[in-house]
Each structure stands twice: as C-alpha cells, then as structure tokens.
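K.L.:
Sequence:
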Amino acid sequence: MGKLFVHYVEADNVHCCACCGIHLTSHDDIVSKAFQGRHGRAYLFSNVVNVDTGPTENRLLLTGLHVVCDIYCNACDTRLGWKYMEAFEESQKYKEGKFILEKAMIVRESELRRREAEKEELERDSERGQAGIQGEEEEEEEEEEEEEEEEEEEDPDDEPDAHDDNGVATPLLRVTNSF
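Per the UniProt record's numbering, the very first residue in the sequence shown carries number 1; after that it's consecutive.
Treat the hints loosely; a few may be bogus.
The calculated lysine to aspartate or glutamate pairs, modelled on DMTMM-like cross-linking and capped at a C-alpha distance of 20 angstroms, are [unchecked claim]:
1) K98 / D52
2) K33 / D70
3) K103 / D29
4) K93 / D70
5) K98 / E86
6) K103 / D52
Label-pair ranges, simulated between beta-carbon atoms [as the list claims (entries may be wrong)]:
7) R124 / V67: 43 to 53 angstroms
8) Y8 / E141: 19 to 29 angstroms
9) V67 / G40: 34 to 44 angstroms
10) A104 / V31: 47 to 57 angstroms
11) A11 / S32: 11 to 21 angstroms
12) R114 / K93: 18 to 28 angstroms
13) F5 / R79: 48 to 58 angstroms
14) E111 / Q36: 20 to 30 angstroms
15) E141 / H39: 22 to 32 angstroms
Keep in mind that the hints were calculated from the coordinates and are not lab data. Every residue, glycine too, gets a C-beta built ideally from N, C-alpha and C.
Construct the entire structure; sequences and hints are all you get.
P.N.:
Encoded structure:
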C-alpha cells in the first residue's frame, strides 16, 4: 500500500469520519439534510475528500433508480455512504456527482475534539487517583511503622531504667539463677 495523502478541509465547521477522525467535508457543502441512509438520517454533500469509491451499481432508492457507488474512508475503510453517478429521472439529476454521508458515520470536528479532551481528562483523573491511592497506601504504611515504634517504646515487658535520687538513670542488674 502506498503513502496516504490526506486533504484537510479549511473551514470553521468540518465533518469527519466518526471512526478515525479524518476530514471529509465542510458543513457549508451540505446540499440537503432530508435524506435516508442504511443507518438512518443522511446528508447530501456537494464535495467530499479523503474517500475511495467502490464499484458502480444500479440501485433502486426511495426516489427511483440511480447509478451509485459506495464511498469508503480512505484512512480506515469504513463505509460512509455513496456517491450519485447518474440519475434517470429528470427531477433527480441535481444529485449527480454529489455524495451521501450517513449521519451515524460522521462527526463534527468540534465534537471530536470535545470527546478527546474529555478522554484525556478522565485519563489524568485516573492517573491522579492511582497516584492518590499509592500516596495513601504509603502514608498508611508510615503511620503503621510509627505506631509500631511507639508500641516498642511503651512495651510493658521492657523493664524501666532505675533512677537515683538525682533523676540520673542507672542501669539495673538482672540476677538470674543458673543451675
């Protein structure tokens, strides 16, 4: 496979492939929003980039017989809709050379960026949460160690040092009988 050349749409409101995010067309290129595709609503566009076409075929659609070819994203090969090659009825000739993009298969670039920002924020929150959990575990371990040290210092089994009348510590001698 050769190198993929990607066209970027220079517009404020860009529609992209919902699967991979590659630019497809501008919102300004919408001819009509009153179309039906295989997956629900579809839009008719005058211009689309970054697509490959499948073989042409005669297809009986709601508005009559047309010659069409399916169009696929040239980055991820997702089927996006179709291109009208020829219309047999005079009232449908305006569709020739235009593209149907199914609404379910496209997303606005602004929505794509919003989703990516949310995903990054969730990942950062997750990392912070993991760091927080690790930090809490470390703090708990330190507290347990301090408590153990305090308990060792206060252990009743340990004999206290004896003090003379001046408060100076003097070691006690332990006498044991060994037979």
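K.L.:
Which hints, by number, does the structure contradict?
P.N.:
Going through the list in order, the structure violates hints 8, 9, 10, 12, 13, 15 and respects the others.
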